[in-house]
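Asks: Can you build the whole structure from these sequences, using the hints too?
Keeping their order, the protein sequence lines are chains E and Z. Going by the numbering used here, the first residue of the first sequence is number 31, and it counts up by one from there. Going by the numbering used here, the first residue of the second sequence is number 31, and it counts up by one from there.
A couple of the hints might just be wrong.
All copies of an identical chain are treated as equivalent in the list; a pair is satisfied when it fits inside any one copy or across any two copies.
Claimed, not checked - When the alpha-carbon atoms are kept at most 35 Å apart in a straight line, the in silico DSBU-like pairs for lysine-lysine are as follows:
1. Lys425 to Lys389
2. Lys427 to Lys526
3. Lys425 to Lys487
4. Lys470 to Lys382
5. Lys487 to Lys215
Calculated from the structure, these hints are not laboratory results. These figures come from a predicted structure and were not determined experimentally.
Number of protein chains: 2
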Amino acid sequence: MEFADSVRKWDVLEVSLKGPSDGNPFTDEWIRGKFWSDNETKEIEGFYDGNGIYRVRFMPSFEGGYHFSVSASFLDAERQGAFSVLGNDPSNHGIVRVFNKFHMAYEDGTRYIPSGTTCYVWEMQSRALQEETLNSLEESPFNKIRFCIFPKHYVYNFHDPVSFPYVGKPVDSSAITVDNFTEYKGLPEGNEWDYKRFNPEHFQHIERCIERLGRMGIEADLIVMHPYDRWGFSMMDREEDDLYWHYVIARFAAYHNVWWSLANEYDFMPAKGLGDWEHYASLLCSLDKYQHLRSIHNGRHFYDYRRPWITHCSIQKTDHYRTAENTDLWREMYQKPVILDEIAYEGNIQHKWGSISAKELVRRYWEAACRGGYAQHGETYLSDDGILWWAHGGKLKGESVERIRFLYRILAEGPEKGLMPYDGIHDEVAAVEDTGSSPKVPSYCLIYFGFFRPAFKDYHLDDETDYQVDIIDTWEMTVTDGGIHRGRMHIVLPGKEYMALRLTRVQL
Amino acid sequence: MEFADSVRKWDVLEVSLKGPSDGNPFTDEWIRGKFWSDNETKEIEGFYDGNGIYRVRFMPSFEGGYHFSVSASFLDAERQGAFSVLGNDPSNHGIVRVFNKFHMAYEDGTRYIPSGTTCYVWEMQSRALQEETLNSLEESPFNKIRFCIFPKHYVYNFHDPVSFPYVGKPVDSSAITVDNFTEYKGLPEGNEWDYKRFNPEHFQHIERCIERLGRMGIEADLIVMHPYDRWGFSMMDREEDDLYWHYVIARFAAYHNVWWSLANEYDFMPAKGLGDWEHYASLLCSLDKYQHLRSIHNGRHFYDYRRPWITHCSIQKTDHYRTAENTDLWREMYQKPVILDEIAYEGNIQHKWGSISAKELVRRYWEAACRGGYAQHGETYLSDDGILWWAHGGKLKGESVERIRFLYRILAEGPEKGLMPYDGIHDEVAAVEDTGSSPKVPSYCLIYFGFFRPAFKDYHLDDETDYQVDIIDTWEMTVTDGGIHRGRMHIVLPGKEYMALRLTRVQL
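Replies: Written as C-alpha cells, this is what we have:
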C-alpha cells in the first residue's frame, strides 16, 4: 500500500495497492476506502488503474490528522493508515460552489466569476498542440474550460484522438470527409471495442490535464457524454454506462477544480432518454462525495434546470437573435446561476453557431452580465491547419478575449455579491448589487446600451445621492470619468454602439 | 355649381357649390353626390370648405362618360351634370391594393413594393422646411410617408404647428420644455377649441401635400388619430370624433394615393377603447367608397390584424432585440402583408426606438424582406436646429437610405409575385418567389446572413439545376458574380457581416 503521509487541504490524497491483473479487473474486482477526521468522514469508491494497480482518491476539506481504511475484493482484511492535512496551497481555493443563489464562490469564500471557454477535445490532440492550448489559457482571462472525456466525431473533427477510453480498435477514419460525414445512429462497422475494459492511459492523461488546469486556477468542466460519435461510446447499454460513470467519478471527483457536465447537447443523443440522465445524476449525487457543480447542456430543448440535482444552468441559446437577452428570464425560471456556455462563437465557419463577430459576442457578454448571468467564450476561425480553438485549442485569434478580460475586470470591481437585473430605470438594461430586492436608490448601477447609440441620457434616481459616473466603452476598453452627479443627471455620451455607464454612490 | 368637364382616371373630379355660411355649416348642413357611368356608381358625402363653399369629390376608376347628381340640405332640388373621364396620367397607377395575399400592387397592375418613411408632422412645419422635405423625398427611395392630420405634442415637438384643425385658441406652448413635458391625460387649461368647427385651411394644406406626394409617386399614409396631444384632439367625445372622421373621409378619400392609419400607437390613447377603433373602422368601410388600404399602428399591444377591415399589418416592434425576425411568424398569424412601420429608427437620441445604427436598420430591412415582409424607415439624429426627420422632415442625414434603395433594387429585380420565407435550406434565412408553397428546387432564392459571417457555404438543392450565384454585400451595395453552380455548390464568401446570396435558375 502506498500513500503520502501528508497532503495539503483540497489536494488529492491517493492510496494505491497492488492487486490482480488477470481476468477483467474493471468488472471482477472492487476497491473502496473510508477517510475520516474530527471534521468529516467520506466513503469512496476506488478504481483499477492498469498494471495490477488499484487506487482510492480522497480530497480533504479540513486541516489536521486523518485516518483511513481500505477494503477490496482481493484483500482478506482492511488496510489502515493515517496522514495529516496541511494548510491549502494559496493558489487552491477549494471547490467552486453556488453563492448568493445566482453567483459562485470558492470553498474558501473567494469570489469566483465564471469566465469559461470551450475546447471540446483539446486534450486528445498532439502534445505540441496541447502545450500551445495551455499557454494560450495561461495568458487568457478564462478560469473554466469545457471539454470531453470521449473523443469527438464531427465536422472539423474527423481525425482519431491520441488515445481512446477503451481497449480495442476504432473504425478506420482515413476515408471520412465532410462529404461522407454521417451522424451515426448505430455503431459503424469496423469498431472493435470492449466497453468493459478501460484504457487507463486515456484517463491518466485527462487527470494530468485537470491537475495542470488546477494549478492555473482553471476549472475543468468535464463533459461526460456527448453525441458526436462514430465509436459507439454514445450508444453503450446501461451496464456499460454505469461502469463508465463509476470509473469517471472514482478517478476525477477528488480534484478540486472538476465540474460535471452530464452531457453536451443531451437531447441530440438518440440512445438516451430523460430517465437515463436522471439515473446518471443519481449516480453522481451518491458517488461524488464532494458535490461538485453539476449541470447538463442542451441542444434544442432545455433540460429542466429546476431539477434539484442541477446546481446551475449550462445553456445553449435556442434562438439566433434573442440570446443573452433572456438571461433575466432564465434567472426567474430556474433560480440558479445562469451560465451561457454556448451563445454562438466568434468565428467565420459556415454555421450560425460559429460565425458571429467579436463585437456581437462581447455584446452578448454584457447583456448577460447586466442581467445577472454569465456568457462564455468559444472561437471557430477557419485555418489552413484545421485547428479550431472550439474543438482543438491552439492559439486564440479573436478580438473578443481582451474585451472579456475587460468586462471581468469591471465585474471584479463591482459588488462582491454579484449583479442582478435592475428595473428601476425605465427601459434600460441595468444591473445592481444582487441583494435579492431592487433598491430605489442603488449604491451601484451598471447600465448597458448594446447596439443602441444614445448621444445623451437623463436619469433621476433621487435628489440627495451623489453618484460618480463612469462612461465605459466596452469595445475600446476605456473608462472615462463622467463626473459626480446629483438629482437629475444629464450624461453626454459619444453616440457610439457598445457603451455602458457605471454609477457608484459617492461615500462621504 | 362648378366642376370640370373632363378629368383623368384616378384623378379627383370635384363639384363645388355655394351655400350658407352662417350658423355652423359643419353641423347644420350636409351635401352629397352620386356619380355613375356604365361601369360604376358611387354615392359620396361632401363637406363644407369655408367661405360658403361646399364640395363633393369623386375619383373615377374608368374611362368614358359619367353623370352625377348633387343634393344638399340647402338645395331645393338635385343639381345634375356630366363629365368625361380620360385615360390616366402615366404617372398615376391608381390605388395601391393587396396583391398575392402578402404583397401589393397598384390598381393598374404595376407592382408596388412598400418603401415607406415616417415624418409625423412634416406638413405642419415652416414652408421652407416642407419644401426641403419634399426635395429630400424626391431624391429618396421612398414611395410612402406616414404623417398625422392632428399636430403633435411630444419630446422634440413642443412648438405649435403652422395651422390647427379646429377654430379656437391653443394652450400657450412657450413654457413647455423637456423638463416639464407632460403626457396629458386631460385637456390642459388654456385651450379654447370648438371641436365642431373645422379650420378648412388646415385640411386644404394637407390636400395640397397629398397631391404633391401623389405626383411624386408617394403614398400618403394618413395617421388619423394619435396620443401625442396637449389640445384635446385625442379626447373628443363620440359625436365630435364622428364629425372628424366624416370630414376627413369626405375630404381625402378621393385622392388615389391615400392610405388610412386609424392611429399611431392606438393603445397609448387612454380615452379610446377597442370599441372606438372598431367603430371608426366601420365608418371608414362605409364612407370610403374606394376602400383604400386600412391599418392601425400599435404601441405595446398589437391590434388583432386578423380583423377583416384591416388590409395589412402596420407593426411597431415590441421587442428591442428580436424584431424583423418575427416577420414570417406575423405572416403566418395574420395572412396579410406585413409592413414594419416602426422597427426603431436610425439615429442617436436618448430612446432605444430612435438610436440604432444604419447597419442595424438595414439588417432589419433584409431580415424582413427575406421573410416576405417590408421594413420601413425613420431617422432621429439630434441636431442643433431641433429638426428631426422622424417628426419634422428636412434633410436626410443617415447612411441607411442608400442601402434601402439598393435592397429595393434587388427586390424589384426579383420575382414579380414577391417573396416568401423558404425553409428548404437548413437554418438559413432565405426567400423564394411567393407562390404560396415551398418548392424543392426554387427558380430564385435570396439568402441573407445578417450578422453571421460565414467564410463559405455549401448547398445542395438538386443535381440537375444550374444556378447563377450572385454574392451581395448589402452594406457596400455590390453584387459580385459567383459563377454558375450545379449539384453541390461550394460558395466562397468574404467572412463579413451583412452578406447575402442570390441564386437564380439559369434558363436554357
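Asks: Next step is simple, just say for each hint if it's right about the structure.
Replies: Structure-based check of all given hints:
no. : hint             : result
1   : Lys425 to Lys389 : both (19 Å within a copy, 31 Å between copies)
2   : Lys427 to Lys526 : both (25 Å within a copy, 16 Å between copies)
3   : Lys425 to Lys487 : between (40 Å within a copy, 25 Å between copies)
4   : Lys470 to Lys382 : between (41 Å within a copy, 23 Å between copies)
5   : Lys487 to Lys215 : between (56 Å within a copy, 26 Å between copies)
Of the numbered hints given earlier, the model fails none.
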